[in-house]
Amino acid sequence: MAEPALQLVSLTKRFGAATVVDAIDLAVAPGEFVTLLGPSGCGKTTTLNMVAGFLAPDGGAIRLQGKPVESLPPFRRDLGLVFQDYALFPHMSVAENVGFGLRMRRVPRAEIARRVSDALALVQLVGLGERRPLQLSGGQRQRVALARALVIQPAMLLLDEPLSNLDLKLREEMRVEISMLQRRLGIATIFVTHDQGEALTMSDRIAVMRAGRIEQIGTPSEIYERPATRFVAGFIGTANLIEAADGAAVIRPERLHLASQAPSGVRSWQVQIEHVAYIGPRLELRLRAADGTRLMAELVNDGTAHWSAGDAAVAWCRGEDAWVIPDGPAPREAVKELQVTSSA
Amino acid sequence: MRTMPWLSLKMVVAAVYVFMLGPILITASVAFNATERSYFPPRGFSLQWWEAAFGPQWMQPLVFSLQLASLTAVISAAAGIPLAFAFQRYEFPGKAIVRAITLGPLILPTLVTGIALLQFLSLIGLGRWMGFWALLIGHVVICLPFSVRTIAVSLQAMPGNLEPAAASLGATPFAVLRHVTLPLIAPGTMAGMIFAFVHSFDDVNLSLFIARPGERPLTVAILGFLDFGFAPTLAAVSILSMLIPLALVALFGRLVGIGDFLYQETGHG
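Chains A and B supply the protein sequences, listed in that same order.
Residues in the first sequence are numbered consecutively from 2, following the working numbering.
Residues in the second sequence are numbered consecutively from 3, following the working numbering.
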């Protein structure tokens, strides 16, 4: 197997009494897009800052293409970073911004000019090289930041919530664009976000973080369809959690169906429809089971759904669509989360 | 209901302008008197006092003042940058004390600073430094707070991720300073230099104690000449000494937006 582009071994960071990153292990394969996903304070940005070299770890190792880099300063790590606020240099033109890394590497002037114009073409900003960052729209600034990080041909790309300052429509466009660019260049990437939609659509693998630990790591479908913990189930998408003797069954709303009578061989519940939200392509129904459990069902608005609030119905799902999370020991995490919040 | 407060406010503003501009305009017109004494309104018209103002008697202290103020501005900026960094970015033992000492002259009467410096230099046996070098030390002491504050405001206003971004692109700490930090705090540094220049050029309180014959700034020369009464020459010299800092502020103020630093508040610095 090829050497991982990045390997974190038992990486740890403490701020005072709080352990913000707690002995995490992670390997990013060459060309792989890995997302660190989690709520604020989960340690994802701290992890990124340690990889980038802005924070010194309190323990563990960081290996870039096999070489330990914990003791290297940021300017020796050969990483391309894109910041949430883009961090473009306001006193330089777009071309100077993009060329900055090459200038620092003492690349000849003519080659800088050529590579900068290639990079601007890559992010579809041809002809904007002479502009100042302040004259650009949010989406354009984002592209400049991306071009600036990529033009140095870094060993790895680090993206710190790069889409959160964009409006919704642009955000969705940029998701696709960054993904396509990343796959085309085949550059190993770590993407930090709290947005599960971004994580699911862009990643090869997602590491869901909570209280300084990786709660689960897997492909988007593994994370969504086979969550390892209740936290992962609840954080990614909407989940119906049905308590059972051996743990909790997770049923995604789109896997829950409604009928007046349950088909045979499925799990089913007698429910009362409490509310029907009309979304357009879908209908979101709030249900209450006989034992008081609240459920969500999502139906495709294909013209056959005729439910309204107050109706009695049977909610059912196939046995394999109810994913059972085994009850594991969880109190340690709970304690840590308290520490993190109290120190904030 | 609304007219009364507005009317009184307008009157206050008008009074401020009258008392601010009136003396200047009167002084300016007095300088055109054809007589030996300062009359208002001027009697006759003559440029002889302006000619005198540009003579060696006044040019010597004027040039002295300009040299002193320029050097003070440069040193204040050069010392102000590291001090502003220290106050804005770092925690170190005794920080509060160092800051109080640096910014202290801002609230200490300059007269007191002048007397203290005079005694200090005599006591440590550097009395022979009186004149230009002692004046330079004193002026840097009283002008430094201005440059430290404006540079600190610039540093504070700089987006926090720019320096890490530069570092991630391969810039060494020195390259970050040279290509990112210093260019971005240049407006604050320029503003600080202008404040320092003007403050030094206008100072009389401190200079009074430390100047010596032949090494006198313009303000002290004007004060000395007052012994002979308020001659029209003095009016011309005063206007001249007012126009220089004014022109400087008008010229560079446009370039660096000096107003941002006059009116902006900084929590630290």
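Hints listed in this document are in silico derivations from the structure and should not be mistaken for laboratory results.
The model shown is predicted, which means the values in this text are computed figures rather than measured ones.
Glycine included, each C-beta is placed from N, C-alpha and C at the ideal position.
Please note that a few of the clues may not be correct.
[Unchecked claim] The calculated label-pair distances, taken between Cβ atoms and stated as ranges, are:
1. B:R180 <-> A:A62: 48 to 56 Å
2. A:A62 <-> B:A118: 37 to 45 Å
3. B:R130 <-> A:F16: 51 to 59 Å
4. A:P282 <-> B:P161: 39 to 47 Å
5. B:P161 <-> A:I280: 47 to 55 Å
6. A:A24 <-> B:T174: 30 to 38 Å
7. A:F16 <-> B:I103: 48 to 56 Å
8. A:Q125 <-> B:R180: 30 to 38 Å
9. B:P161 <-> A:A306: 47 to 55 Å
10. B:P161 <-> A:S309: 51 to 59 Å
[Claimed, not checked] A few chain A residues that don't get close to chain B, going by computed Cβ distances all over 12 Å:
11. A28
12. P74
13. G140
14. A310
Check on P74 of chain A being off the interface with chain B, judged by Cβ distance over 12 Å: 7 Å, violated
Given as non-interface: A28 of chain A, partner chain B, CB spacing beyond 12 Å: 22 Å, holds
Q125 of chain A paired with R180 of chain B, Cβ distance criterion 30 to 38 Å: 32 Å, holds
Exclusion check [A310 of chain A not at the chain B interface, CB over 12 Å]: 49 Å, holds
Hint check for A62 of chain A and R180 of chain B - Cβ pair distance inside 48 to 56 Å: Cβ of R180 of chain B to Cβ of A62 of chain A: about 33 Å, so the range 48 to 56 Å is violated.
Range hint compliance [Cβ, P161 of chain B to I280 of chain A, 47 to 55 Å]: Violated, since P161 of chain B and I280 of chain A (Cβ atoms, about 39 Å apart) do not stay within the stated range.
Supplied distance hint 37 to 45 Å, evaluated on CB atoms of A62 of chain A and A118 of chain B: Violated: the Cβ-Cβ distance is about 58 Å, outside 37 to 45 Å.
Distance restraint hint 30 to 38 Å, applied to the beta-carbon atoms of A24 of chain A and T174 of chain B: 32 Å, holds
Hint check for A306 of chain A and P161 of chain B - Cβ pair distance inside 47 to 55 Å: 50 Å, holds
Cβ distance range 51 to 59 Å for P161 of chain B and S309 of chain A, holds or violated: Taking Cβ atoms as reference, P161 of chain B and S309 of chain A lie about 53 Å apart, which means the hint holds.
Distance restraint evaluation - P282 of chain A, P161 of chain B, Cβ atoms, bounds 39 to 47 Å: 41 Å, holds
Status of G140 of chain A, Cβ more than 12 Å from any chain B Cβ: Answer for G140 of chain A: holds, closest chain B Cβ roughly 19 Å.
Violation of the numbered hints given earlier is confined to hints 1, 2, 5, 7, 12; the remaining hints are satisfied by the structure.
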